[in-house]
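A.B. asks: Listed here are the chains, written in short residue letters.
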Amino acid sequence: MDYKSTLSVCPYCGCGCSFYLETIDGKLVGTKPSATSPVNNGKLCVKGWKVHEFVQSPRRLTNPLLRKNGELVEVSWDEALDYVADKLKKIKAEHGPDSIAFLASAKITNEDNYVLQKFARAGVGTNNVDHCARL
Amino acid sequence: MAGLAAAFGSGAMTNSIEELAGADTIFVIGSNTTAAHPLVADRLYRAKKNGATIIVADPRKIQLALTADLYVSQALGSDAALINGIAHIIIKEGWQNQQFIDDNTEGYEDFKALVEGYTPERTTELTGVSKQDLYFIAEKYAKAPAGSIVYCMGITQHTSGVDNVKSLANLAMLTGQIGRESTGVNPLRGQNNVQGACDMGGLPDVYPGYQKVDVPDNQAKFAKAWNAELSPKAGLKIPDMLTGLNDGSVKVLFVVGENPMMSDPDQHHVELALKKAELLVVQDIFDHQTAQLAHVVLPGASYAEKDGTFSNTERRVQRLHKAVEPVGDSKADWEITQEISNRFGYPMNYASPAEIMDEIAQVTPQYGGINYERLEGEGLLWPCPNQDHPGTKFLHAGGKFARGKGLFHAIEWRAPAEVVDEEYPLWLTTGRAHVHYHTGTMTRNSPSLHALMPEGFAEINPVEADRLGVSEGEMLQLTTRRGTIQAKAMITERVRPGMVFVPFHFMEACANVLTNPALDPVCKIPEFKVCAVKLDKAA
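The listed protein sequences correspond, in order, to chains P and A. So for the first sequence, the working numbering puts the first residue at 347; every next one is plus one. So for the second sequence, the working numbering puts the first residue at 8; every next one is plus one.
Among the clues, some could well be false.
[Unchecked claim] Under 10 angstroms between C-beta atoms, here's a sample of chain A residues computed to sit facing chain P: (1) Leu46; (2) Gly352; (3) Asn468; (4) Val470.
[Unchecked claim] Derived list of chain P stretches under chain A, where covered just means 3 residues or more per stretch with a C-beta under 8 angstroms from a C-beta of chain A: (5) 351-360; (6) 445-457.
Everything labelled a hint here was simulated from the structure, so no lab data went into it. C-beta atoms are modelled at their ideal positions from N, C-alpha and C, and glycine is treated no differently.
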C-alpha cells in the first residue's frame, strides 16, 4: 500500500486554502488542511473537506469528443486537435483573426491561462480573450 | 476591478486576509462571507473576538448579520446612496482625515459637493436605513484606528457596479483607512483563480500584468518576447462575443473551464448565440450544458492532477502539486493549448509549468521575482518585482497609490435597470449557498455535498408565503421578463417581504433563466443582483 500526501490549493472560492491530498495507490481518499497556511491555519470549510471527492468521479470527461452527424463521439487526441487547428486556420484565413474568441478561466492555473492568452494573441492574432471575472 | 483601478491604480484586494483579524472596525457590504468565503469569515469572527466592531449591510439577513454589532438591510440597488450618505455624515461631523486627503488624493472638492446632497433624510428615503444607523456606521468606521471594508458581488453585480466600488474607494480615502495594516478596500474574489486569470492577461484589453494592449511600447515588448505580430486593438468582452456570434462577426468560441450557458444572464439568449458558432470548442473536466452544444470537447486535467499555481483573492501566488495521474486521457490545459498551437503553426515547447512561470516572470512586473523554488511553503504576495523582494502584504503603503494620487469620483446613485411594477411586483436577487459552488459542476459531483443540498430552492418571507398560501417545500413558479422556473419554497425571515432569493447553482431551477442581462456601462458586469419577478404557487 502506497500512501502519499501532496500539498495543493483549493479550486473553489478565492480564499485559496491549502491542504494535503491523501492518496492510497493512486486513489484520492481524503483531504487534510495545512496547519501552517497563513490563509486557513489548519481549517477548511465544508466544501474544502470534501474537495477530493469530485476528482475521480466516474462522470469526468476522459476522452476527446468530436461532433459527427450531429452526435458527440469519442475520437483520438490527434483527430480532435487536428480538427480544431485546421478549422481555426481556415476561419482565420476567411474571416480574419478577430472572428475567433477565447474564454480563459478563473478555474485553471496561471500557467494554463498564460499559455492560452499567448496562443490567442501571438498565435491567432486577436485580443478576443475574456473570462467570467464578472459572473 | 475597474472601479478600484480607476481610484487607486490597482484592481486587487488592498490588504491580506490575515490582517482582517486585527481591524478595529470592519464594514462588510454585499458579501455573504460565511457562505461564499468561509475562511475570510473566520477572520471576521476572530476580529469580533478581539473587540472589533462588525457592521454588515446586506439586503438579505445573512448569517454574519446575526453576530454583527450592527446589521442594516439596505434596499436592493441602493448601495451608492448608502455610501454617499455615510460620507455626508463624516464630512458634516468633521471626521474626515484631512491630512490624508490633502497629501495623497485628488478630486475631493467635486466629491464633497456631490455628497452634500445625500442628507441623512434623503439617504434614509433611498435606502431604508435609519439616520441613527447611518451615524453609527459613519462614526465607527471613520474613527477606528484601523477600519477595513470588505465587499463582494453584492456590490459589483449591478448596472452601477463600477460606481459602487468607486464609492467604497471614496470612503476609504476620505477617512485615510488605506495603505496601513488592517485597513483597505477588500474585494473578495469569487473564484479560486480569478485574480490569476486577470493577472495573466485573461482580459481583452491587457497583456499579462495589466499592460494595456493599445500602448505601442507594450505591444513592442510583447511582440519581441513572443516573436509575433500583435493586434493593436482591444478585444471583445464576453457579452460582445455573444453579440458577435449572433450577428455573424464572431465565428469561433473556444471555452476553457467555463459554463457560460449557466453562469451568464438570460440563458435563452446565450443558447441562441452559442448555436450560431461555426466552431464551439469546450475544454473542461465535466460535461455541462455548454459542452453539449460544442463541436469539439477536450478533457482537461483537474487541480489535483497537475502542477501549477493559483493566485488567491489577497494576491498570494501558491503552488499546487500533482497528487494523482489525470483520469482517462485527460491532459493539463496548457499541454492541450500547446499542441493546438503547434499544429496551428505557432510553435511552443514548454517542458513544464515551472518553465512557463519563468517566462511569466520575465514579462509580468508584478511576478518578476516569482519562481517555483520561492513559492514552496506559503507562496508569495504580489507585487514581487525581483528575486530579493519578499512580496507585498498591503498595497499603497503610506498613501502612495499605484496611480500616484488616489482619485475621488463624484458618484450619483442610479436606480437598477429593472424595478418592480404591477406585473412583476417583487424584487429578485441571486447568490450562493454554503454547500455549493458556482454552477455546481464540481460540488454537485461530490457525493457528500450533493447529499447536504440536493436541489435548488427559493427563499421567501412568511408574509409572501401566507399571501400565496404556500407552505415550506411546496413548488413556486417564478417569472421574469426573460423566463420562468420552478423551485421549492424555503420560508425564512432572511429575506424581507417583497423579496425573493434564488441560489444559482442548480441547472433545473436555474436563476439565470430569470436574471437581467443589463450591463454596467464600463466593465460589462450583468445586473445579477436585482430584477423584478412575479411569484405564483406552481400549478
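A.B. asks: None of the hints should be skipped; say for each whether it holds.
C.D. replies: Outcome of the hint check:
1. Restraint check, Leu46 of chain A versus chain P: the minimum CB separation of about 4 angstroms is within 10 angstroms; hint holds.
2. With 10 angstroms as the threshold, the beta carbon of Gly352 of chain A comes within range of chain P, its nearest partner Cβ sitting at about 7 angstroms, so the hint holds.
3. Interface restraint check for Asn468 of chain A: the shortest CB-CB distance to chain P comes to about 26 angstroms, outside 10 angstroms, so the restraint is violated.
4. With 10 angstroms as the threshold, the beta carbon of Val470 of chain A stays out of range of chain P, its nearest partner Cβ sitting at about 31 angstroms, so the hint is violated.
5. Judged by the Cβ-Cβ criterion of 8 angstroms, the stretch 351-360 of chain P is covered by chain A as claimed, because 9 of its residues qualify and three suffice.
6. With a threshold of 8 angstroms between beta carbons, the proposed coverage of the stretch 445-457 of chain P by chain A holds, since 13 of its residues qualify and at least three are required.
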